[in-house]
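When you get a sec, could you build the whole thing from the sequences and use the hints?
Protein sequences, first through last, are from chains H, D and Z. To convert, count from 1 in the first sequence and add 82; that's our numbering. To convert, count from 1 in the second sequence and add 82; that's our numbering. To convert, count from 1 in the third sequence and add 82; that's our numbering.
Among the hints, erroneous ones may be present.
Pairs count within a copy or across copies, as identical chains cannot be separated in the list.
What the hints assert, rightly or not - Listed next, the in silico SDA-like pairs over lysine to any residue satisfying Cα-Cα at most 25 angstroms (straight line): (1) Lys221 with Gly193; (2) Lys221 with Asp180; (3) Lys221 with Ile192; (4) Lys197 with Val187; (5) Lys221 with Glu195; (6) Lys221 with Leu113; (7) Lys221 with Gly194; (8) Lys221 with Gln191; (9) Lys221 with Gly159.
Rather than coming from a laboratory, the hints here were simulated on the basis of the structure.
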Amino acid sequence: MTTIAPTTTQQAALYAQVQQFYAHQMQLLDLAEAELWAETFTEDASFDVPTLPEPVRGRPGLIAAVRRTTAQLAEAGQRHRHFMGMFDVTERPDGAVDVRSYTTVYASQIGGESKVHRVCVCEDVLVRSDGALQVSTRKVTRDDLA
Amino acid sequence: MTTIAPTTTQQAALYAQVQQFYAHQMQLLDLAEAELWAETFTEDASFDVPTLPEPVRGRPGLIAAVRRTTAQLAEAGQRHRHFMGMFDVTERPDGAVDVRSYTTVYASQIGGESKVHRVCVCEDVLVRSDGALQVSTRKVTRDDLA
Amino acid sequence: MTTIAPTTTQQAALYAQVQQFYAHQMQLLDLAEAELWAETFTEDASFDVPTLPEPVRGRPGLIAAVRRTTAQLAEAGQRHRHFMGMFDVTERPDGAVDVRSYTTVYASQIGGESKVHRVCVCEDVLVRSDGALQVSTRKVTRDDLA
Numbered sequence: 083m084t085t086i087a088p089t090t091t092q093q094a095a096l097y098a099q100v101q102q103f104y105a106h107q108m109q110l111l112d113l114a115e116a117e118l119w120a121e122t123f124t125e126d127a128s129f130d131v132p133t134l135p136e137p138v139r140g141r142p143g144l145i146a147a148v149r150r151t152t153a154q155l156a157e158a159g160q161r162h163r164h165f166m167g168m169f170d171v172t173e174r175p176d177g178a179v180d181v182r183s184y185t186t187v188y189a190s191q192i193g194g195e196s197k198v199h200r201v202c203v204c205e206d207v208l209v210r211s212d213g214a215l216q217v218s219t220r221k222v223t224r225d226d227l228a
Numbered sequence: 083m084t085t086i087a088p089t090t091t092q093q094a095a096l097y098a099q100v101q102q103f104y105a106h107q108m109q110l111l112d113l114a115e116a117e118l119w120a121e122t123f124t125e126d127a128s129f130d131v132p133t134l135p136e137p138v139r140g141r142p143g144l145i146a147a148v149r150r151t152t153a154q155l156a157e158a159g160q161r162h163r164h165f166m167g168m169f170d171v172t173e174r175p176d177g178a179v180d181v182r183s184y185t186t187v188y189a190s191q192i193g194g195e196s197k198v199h200r201v202c203v204c205e206d207v208l209v210r211s212d213g214a215l216q217v218s219t220r221k222v223t224r225d226d227l228a
Numbered sequence: 083m084t085t086i087a088p089t090t091t092q093q094a095a096l097y098a099q100v101q102q103f104y105a106h107q108m109q110l111l112d113l114a115e116a117e118l119w120a121e122t123f124t125e126d127a128s129f130d131v132p133t134l135p136e137p138v139r140g141r142p143g144l145i146a147a148v149r150r151t152t153a154q155l156a157e158a159g160q161r162h163r164h165f166m167g168m169f170d171v172t173e174r175p176d177g178a179v180d181v182r183s184y185t186t187v188y189a190s191q192i193g194g195e196s197k198v199h200r201v202c203v204c205e206d207v208l209v210r211s212d213g214a215l216q217v218s219t220r221k222v223t224r225d226d227l228a
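Next up, the structure:
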């Protein structure tokens with residue numbers, strides 16, 4: 083077992099932290115907890131996703147985006163789930179963390195069927211605030227768009 | 083790297099254990115290993131899922147449920163896979179572990195297509211028996227149900 | 083917290099390493115980085131997947147397979163994503179690692195829809211080369227095939 087060096091144990095701690103961070107963050111989103119979700123981003127976070135006409139910067143814009151989507155889903159009688167995984171994690175010398183991962187968004191019609199809605203690649207830069215991770219920049223691309 | 087405290091290493095160990103537990107548990111289910119699967123629950127576990135008319139308590143009911151589903155799938159020429167992820171893990175002071183996670187169930191027609199069957203949220207309480215994790219209560223909700 | 087023994091911390095390090103390995107390996111595949119992807123296998127790796135008429139042995143065959151698929155996807159205007167998870171990890175006394183896991187392959191038509199393409203079970207044997215993990219044998223089965 084000499085192959086598992088102490089640094090690997092530390093990388094493993096980071097890897098688990100990253101996974102726990104995303105699990106909690108995405109569950110907040112799917113629960114429409116807009117403010118709590120926004121607090122998982124830095125104050126001035128940059129958020130660039132294909133569903134928004136232009137990148138958002140800062141939490142008020144994030145909160146507004148969640149509220150809009152929540153209202154649209156309620157009207158359509160649908161639920162969305164953001165299922166992330168495949169986290170490719172690289173720590174920078176300054177402690178920032180690059181994470182490239184996949185997200186499948188599922189859509190369920192209440193009283194109907196569940197299906198794949200979107201397949202996305204998510205490229206984040208995470209930083210720390212009092213030890214906790216926060217997203218400072220997020221760039222999402224969709225597989226169905228050129 | 084001072085941001086990764088010893089407690090985080092311990093939380094990371096728990097996080098990995100939880101993931102390994104679910105991977106093994108769900109593979110046992112999909113392999114129709116009813117008895118081995120039931121042993122990943124406590125003797126008096128409570129199991130509340132939308133596919134059952136009422137909550138099951140205890141292993142005999144769990145085993146019966148797996149056997150029923152296995153027979154139905156065989157008759158229909160289908161395979162199911164339970165793909166869990168997004169584990170939001172919280173340890174209680176007494177050592178019990180709350181886990182809220184997502185499960186996608188895929189259905190494949192043998193000789194046909196694979197598709198999303200169900201998208202579920204799974205809320206478990208895990209406890210320890212000789213160090214190993216066991217489910218003491220499970221509550222599953224389906225995104226397509228009101 | 084006495085339930086988390088030192089060995090579990092070491093198992094957790096392995097578990098994180100395995101997850102990071104697969105995240106990176108599959109992202110290389112989906113990026114069509116054929117050579118870099120092939121280097122995540124041992125020189126004489128055995129690769130047995132249903133999409134190939136017979137098992138491949140060694141990196142040149144792996145590289146050729148990726149290039150073929152890449153060309154087919156480009157012609158069809160599609161993207162594939164390999165989303166792995168549910169890693170059931172067992173370390174052998176000699177340090178080799180058995181991993182049984184699930185892979186969902188998503189297909190997206192560029193300008194169209196995203197959907198489940200395949201649901202697979204992946205059985206790997208991983209070995210170490212200078213500390214890094216490599217696949218020495220891979221056997222993939224598809225849920226839609228008998």
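Structure-based check of each hint:
1. In the homo-oligomer, the alpha carbons of Lys221 and Gly193 lie at most 25 angstroms apart only across protomers (20 angstroms), although the nearest pairing inside one protomer, at 33 angstroms, exceeds that limit.
2. In this assembly of identical chains, Lys221 and Asp180 lie within 25 angstroms of each other by CA distance solely inside one copy; the values are 12 angstroms within and 31 angstroms between copies.
3. Taking the closest pair of Cα atoms, Lys221 and Ile192 come within 25 angstroms of each other only across two copies (19 angstroms); inside a single copy the shortest separation is 30 angstroms, beyond that limit.
4. With identical chains, the CA atoms of Lys197 and Val187 are at most 25 angstroms apart both within one copy (9 angstroms) and between copies (11 angstroms).
5. Proximity of Lys221 to Glu195 under the C-alpha cut-off of 25 angstroms is restricted to the inter-copy arrangement: shortest distance 21 angstroms between copies versus 29 angstroms within a copy.
6. For the identical chains of this complex, Lys221 and Leu113 are neighbours both inside a copy (22 angstroms) and across copies (17 angstroms), given an alpha-carbon limit of 25 angstroms.
7. Taking the closest pair of Cα atoms, Lys221 and Gly194 come within 25 angstroms of each other only across two copies (21 angstroms); inside a single copy the shortest separation is 32 angstroms, beyond that limit.
8. Taking the shortest alpha-carbon separations for Lys221 and Gln191, only the inter-copy value of 21 angstroms comes in at or below 25 angstroms, while the best intra-copy value is 28 angstroms.
9. Only between protomers do Lys221 and Gly159 lie at most 25 angstroms apart by alpha-carbon distance; the minimum there is 23 angstroms, versus 28 angstroms within a single protomer.
When the structure is compared with the earlier hints, no violation turns up for any of them.
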